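Spelled out from the first residue to the last, the chains are:
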Amino acid sequence: MTEKIFTKEEWSGALETLKEPYRLFGPVKDGDFHTFMPLDGDKKPDFDYENSRLSPKTIIYPESERMFEYSLDETDDDAHILKESPKDYSPCAIVGIRPCDVHAFQIVKRNFDNPEYQDPWWTEHFESAILVGLGCNNPCASCFCTQVGGGPFHETGLDVLLFDLGDNFLAKALTEKGEAFLEKIQGESADDAVLKAAEDLKQSSEKKITAKVPTDQLKDKVTIELFDAPFWEEVAFACLNCGTCTYLCPTCWCFDIQDEVSGKQGDRIRNWDSCMFPLFSLHGSGHNPRAEKFQRVRQRFMHKLKYYVDKYENGVQCSGCGRCVRYCPVNIDIREVCKLMNDFA
Amino acid sequence: MENWEPKIATFLCNWCSYGAADLAGVSRFQYPPNFRIIRLPCSARVSPKFVLSAFRHGADGVWISGCHPGDCHYLEGNYYARRKFALLKGLLEHIGLEAGRLHFSWISSAEATKFVDVANRVAKEVEAMGPARFFIKSRAEVA
Amino acid sequence: MLKYTEKIVETAKRLLAEEKVDVFIGYQKGTVPMMNEPLLVNHPDKADTLYWDNFCGLNLCNYLTKRTDKIGIIANGCNSRNMATHIIENQIKRDQLYIVGIPCEGMIDHRAVVRAVKNREILNIVQEGSTFVVKGKDFEETFEKQKFLQSNCAVCRHRNPVLYDEMLGDPLEEQTDVNPYGDIEKIEEMDSEKKQGFFQRLISRCIRCYACRNSCPLCYCPTCFVDESEPQWVGKSIDPTDTLTFHFLRAYHCAGRCTDCGACERVCPMGISMRQFTKKLNKDTEELFSWEAGLDPEKRPPLDVYRPDDYNDFIK
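Residue numbers (the numbering used here), protein chains in the order written: chain A, 1 to 345; chain B, 1001 to 1143; chain C, 2001 to 2316.
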């Protein structure tokens, strides 16, 4: 596979020309934080960043997405017939995405794109995307990607991986799609010294992640015992039952479907939903199996760290990006909860 | 907008202002046809949600009318309503609703002439604002 | 403010040991800088983790709603005013509460600190008297607390608890020369179009996570209007009008009840300043009805009473 080195100026220039073949998305400084946005107009990406506040899952899986539309005008021949809403599935490139967020796509893919079920919108969006990752030279103190099967330079799922070597980027193509992307960028082939520098960077970065979040015992726990563990009320006490953790999480995939009618135009829209909200599990009968706060908090952690583990046998449903750790308004720390669950006897 | 006529969602209390509208009608008084009257038991029944709903559905104006202070059929409903409305109007105009779109009045069931007079003023003021553009929920702006 | 930690631990232990309270609600030090976690202690031996510093900017009153036990709880000015509001609204009984008052110098705005160190990662913050030291991987900077107060704290007029059973310190002098509504007055000067633009931009980042609503002790309805479906008052997507409707109605529900504790803004993951809605109502209730929320648990709130000569100029 190709490895290319180019200066940061060359990269910026290349991005301008790449706007033609791709819809480009990248991290843009947006007030106090970064957001993945379409790089159209004069929007300049800023690659000198930790990670975006909202995860880039918004590009593949928007917070609100029109699925179908229909007419309620009886004079229309196709009144009341659901039609799929047109979408732009032309090739897009997400540049500067962090490896943890790419790992998260792999986790979510098991839900949205598996032999039994394929979500057409998620799958089409995902397949239209080229993931051009940027390794983390300086992971945050709240990051723990290495503990959940990833790493600051983790390559799985990426099409291209960029190494920030100061004045230059080293780009490594990892898939055919990535090769095609790199072909469009001028650059020199990387010599051994550069590859060595990149390898050193990767290793030193991995060492910076000191958090210990053991997950090895989770699969052997008895589900019902964990479910009935005595610590849930305590874990949940501070929880506000807001959706911050689930909405910022790159691996949370739940949604709710709503029909909206405006005049004679109807739309079927899906919106992110959160297991933190009481309405999430409210039955039509009025019964709510998760009426209590602690039940909802337990659901979030059990889903991520036990049900997912058992169902897919492919690790936990967490990529270690640390967003919920950093932005939970009341500091409920998944690392601590994971330890409680993993050590529970 | 050559043929544009404002639509004004009008909430009238059953005991006074609705009676006044009725009396204006049977007295064959002329007043503008821009009002979509919704009869409520009391001006205090008007929830801010009703007002927002009207604007969200594209009403160009909202007019709420009840009994004169002291004349409430339920003794004090309109007193409570007045406090609610003062804050509602303040906050709506704070976020950008134009001052000529939301109107309140006290009209007793005997005051058909006042009803016509206020109706004329409200219609004129709302018309001067032009078609509503703010706070209208049309098709969801989503991906 | 740090000095209160020891006193809080001591008090909680005493209250729990003497069985004056069944539980004690306070904060524990968080696992990340500038975040503290509300904590419920039910045994004197567990009280040692209680903690207090200038990052306790949530509202503990949130954790009282409909509890039936006897509760010891920490309260600064705004939190105590919410407790008074809770008592007025029958969400808790006064005799269930043992309020441990703390005169509050104000909470530090965590976003301002992040901005001041230019978004570099903060690893630790040490508070010393009127200053605090921010430590990162390769920097260390000292700042004055006073310059980094949350905007609601900077203009706070009730720093001392209005309701308490015990005070852990001498009352502070209240600030009287502050204008709490400066930012609102600026908005009031704008024309309608500018106001619309201002508020549309203000909430444009909202992700409808409801952290603002849920962090607010005033929001305890069993079913929130956003979840009502017959009729549905507001759509669930991130459509700008729906988002504005949500923020408008959330604020309006706080009319005459908001103590400007700032929890809503503090918790917002997107940094939205939703107090620009609630403060307008605070200003109006103060001007029209001479009312500030939560100053007296015996007084009925402004929308629960009236005067025959109330403001009437806006009515034809």
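If you are wondering where the hints come from, they were derived from the structure by calculation, not from laboratory data. Here the structure is a predicted model, which is why all the values come from computation and not from measurement. Keep in mind that the hints are not guaranteed to be accurate.
[To be verified] Each computed DSSO-like pair below joins lysine-lysine, with the alpha-carbon atoms no more than 27 angstroms apart:
{"hint": "1", "chain 1": "C", "residue 1": "K2195", "chain 2": "B", "residue 2": "K1084"}
{"hint": "2", "chain 1": "C", "residue 1": "K2070", "chain 2": "C", "residue 2": "K2118"}
{"hint": "3", "chain 1": "A", "residue 1": "K311", "chain 2": "A", "residue 2": "K339"}
{"hint": "4", "chain 1": "A", "residue 1": "K202", "chain 2": "C", "residue 2": "K2118"}
{"hint": "5", "chain 1": "C", "residue 1": "K2013", "chain 2": "C", "residue 2": "K2066"}
{"hint": "6", "chain 1": "A", "residue 1": "K202", "chain 2": "C", "residue 2": "K2137"}
{"hint": "7", "chain 1": "C", "residue 1": "K2195", "chain 2": "A", "residue 2": "K8"}
[Unchecked claim] Footprint (simulated), chain A over chain C, 3 or more residues, beta carbon under 8 angstroms:
{"hint": "8", "region": "2049–2063"}
{"hint": "9", "region": "2071–2082"}
{"hint": "10", "region": "2110–2116"}
{"hint": "11", "region": "2138–2145"}
{"hint": "12", "region": "2157–2165"}
{"hint": "13", "region": "2231–2245"}
[As the list claims (entries may be wrong)] Covered stretches of chain C, going by a simulated chain B footprint (3 or more residues, C-beta under 8 angstroms):
{"hint": "14", "region": "2010–2016"}
{"hint": "15", "region": "2258–2267"}
{"hint": "16", "region": "2283–2297"}
Just so you know, even glycine gets a beta-carbon here, dropped at the ideal spot from N, CA and C.
Now the hints, each set against the structure:
Between C/K2195 and B/K1084 the alpha-carbon distance is near 22 angstroms, which keeps this suggested pair within the 27 angstroms criterion. Restraint check for C/K2070 and C/K2118: the C-alpha separation of about 45 angstroms exceeds 27 angstroms, so the hint is violated. Between the alpha carbons of A/K311 and A/K339 the distance comes to roughly 20 angstroms, so the proposed pair stays at or under 27 angstroms and holds. Note on A/K202 and C/K2118: the hinted pairing holds, with a Cα-Cα distance of about 25 angstroms set against a maximum of 27 angstroms.
Distance check on the hinted pair: C/K2013 and C/K2066 sit about 24 angstroms apart at the alpha-carbon level, within 27 angstroms; holds. In summary, the hint linking A/K202 to C/K2137 is supported, as the alpha carbons are separated by about 18 angstroms, within the 27 angstroms threshold. Only pairs whose Cα atoms come within 27 angstroms are accepted, and C/K2195 paired with A/K8 is rejected, the gap being roughly 41 angstroms. A stretch counts as covered by a chain when three or more of its residues have a beta carbon under 8 angstroms from one of that chain; for the region 2049–2063 of chain C and chain A the count is 3, and the coverage holds.
Here the region 2071–2082 of chain C counts 0 residues with a CB under 8 angstroms from a CB of chain A, which misses the bar of 3, and the coverage is violated. Against chain A, the region 2110–2116 of chain C contributes 3 residues with a C-beta closer than 8 angstroms to a partner C-beta. That satisfies the three-residue criterion, and the hint holds. Using a Cβ-Cβ cut-off of 8 angstroms, 0 residues of the region 2138–2145 of chain C lie near chain A, which falls short of the minimum of three, so the contact claim is violated. Check result for the region 2157–2165 of chain C against chain A: violated, 0 residues qualifying (beta carbon to beta carbon below 8 angstroms, three or more required).
Only when three residues or more bring their CB closer than 8 angstroms to a CB of chain A does the claim for the region 2231–2245 of chain C stand; here the count is 5, and the claim holds. Proximity of the region 2010–2016 of chain C to chain B, defined as three or more residues with a beta carbon under 8 angstroms from a beta carbon of that chain, is not established by the 0 residues found. For a cut-off of 8 angstroms, the count of residues in the region 2258–2267 of chain C with a CB near a CB of chain B stands at 0, and the three-residue condition is violated. With 4 residues having a beta carbon nearer than 8 angstroms to a beta carbon of chain B, the region 2283–2297 of chain C meets the requirement of three or more and the stated coverage holds.
In this structure, the hints that do not hold are numbers 2, 7, 9, 11, 12, 14 and 15, in rising order.
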